[in-house]
Amino acid sequence: MKNNPFPFVNLVPREQVLQRQQSQWVTRWFILVLFTTFIVGLPGLYIGGSAALADSGMSTQIKDANIAHAKHELEIPLLRSRLELLAAEQEVLDLVENRIEWRDVFSLLVDSAGNDVRFRGLSATGGGIEGKDEIEIHLDGLAPSQTIARAFVVDLEATRVFDSVELIETLREQVNDLELIRFRVMIKVSSKTVAQEGDSDGN
Amino acid sequence: MMATKQLFGKHLLKIHLVGGLVCLTIGGSAVYFAGNSISKRRGLFLSARHELASTKSLLNESIKQRSSLASRVQLYENDAQNQLELVSIKMLNARTAEIVELAEAVNIEIDSLQPRDRILDQRVPVQPLDFIGSANADEVFAFLEQMNENMSDIHIQTIDLQSDSIDSSRVQIHMQLYWFIDPADADS
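The listed protein sequences derive, respectively, from chains P and Z.
Residue numbers 1 to 203, in this note's numbering, belong to the letters of the first sequence in order.
Residue numbers 1001 to 1188, in this note's numbering, belong to the letters of the second sequence in order.
One thing to keep in mind: the hints can contain errors.
Said to hold, decoys possible - Calculated pairs, DSS-like style, for lysine-lysine (alpha carbon to alpha carbon, straight line, at most 30 Å):
| id | chain 1 | residue 1 | chain 2 | residue 2 |
| --- | --- | --- | --- | --- |
| 1 | Z | 1010 | P | 63 |
| 2 | P | 71 | Z | 1064 |
| 3 | Z | 1064 | Z | 1040 |
| 4 | P | 63 | Z | 1064 |
| 5 | P | 132 | Z | 1090 |
| 6 | P | 132 | P | 188 |
| 7 | Z | 1056 | P | 63 |
| 8 | P | 71 | Z | 1056 |
Worth flagging that the hints you see were computed from the coordinates, not collected in a lab.
On a predicted model such as this, the values are computed, not experimentally measured, just so you know.
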């Protein structure tokens, strides 16, 4: 260039040069804007949109868990009341099993009485609803003699089933043409004793 | 100098400003939108994860409670299978009819079989029944045996036997029976 003896002269008018420069820069910026849109704008839009619309599946899991929980919460009171009812029934059944075998008790009385002793009356009270109360048996009997009456009481004691056998009173009494001994006996037995007796019979 | 002058010439400044602003707006908006969305999503995710964890904990608790209750119910039901079936108080008439039938089958003459006030304030509900009749002593024994075998949910609470005379084996019977009713219908 330095050796060129004829310097270049720009003959293009200055307005034209400026317009050309403006046009070039507008094009460059347009390309840069497009480039920014494609490189930054669209990926950002995509990432943001995806994040906004993404569903981790947790809402479904929460919904399912809530439905299952609500179902169980409905079932629990029903199960609880069913359990209470069954427990109450079981309690009744436990008490039902704890019964006094009156037939066995009376058989024992009759066996001890033999042929000479006759009963005029027998009154017995059982162990209550829970079977815990003491059992009382009142016997009103007739025997030909004091000896036989007392032997009956001794025989009852010897069975070891009853907790106490008490001869309350003896009276001489005329029955038809016979002179007999009327006696009253009170027998006490704890329901526990009867239950044990029943168990040993069962075994 | 010339290039800088050319680049930042007055007539080009507006173009650079507009172009740069548009680029920055597009880039900034994209970054802001993505960042904001990710941040919001992360917040929602964390809150959902917390909610899911607490819901699952409640669910596990209710499952544990339910299965515990269910297994206890199952145990009771299995136990009850081989046991006596309790009769509802609603069957009172049928039950008294059965007792009468049983007594008459062993030749007991029944004067009265009367239900009394139900006992509900004790550990278990009970329906007392007053039984009055007469029979031979052997028949009373047979009745007690039959009751024991066929109606084990009925206990004899009191029994009073009085002989009519020394020559007769006939006795007057007065019994109070305790019928252990099904607690499910005890209040009806």
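Against the structure, the hints:
Taking the CA atoms of residue 1010/Z and residue 63/P, the gap is near 64 Å; set against the 30 Å cutoff, the hint is violated. Pair hint residue 71/P plus residue 1064/Z holds up; C-alpha atoms about 13 Å apart against a cutoff of 30 Å. For the given pair, residue 1064/Z sits about 36 Å from residue 1040/Z by alpha-carbon distance, which is inconsistent with the 30 Å threshold. For the hint linking residue 63/P to residue 1064/Z, the alpha-carbon distance of about 20 Å falls within 30 Å, and the restraint holds.
Restraint check for residue 132/P and residue 1090/Z: satisfied, since their Cα atoms lie roughly 28 Å apart, inside the 30 Å limit. Among the hinted pairs, residue 132/P with residue 188/P is consistent with the structure: their alpha-carbon atoms are about 13 Å apart, no more than 30 Å. Annotation: proposed proximity of residue 1056/Z to residue 63/P holds, straight-line Cα distance about 11 Å (limit 30 Å). For the proposed pair residue 71/P and residue 1056/Z, the alpha carbon gap of about 14 Å is at most 30 Å, so the pair holds.
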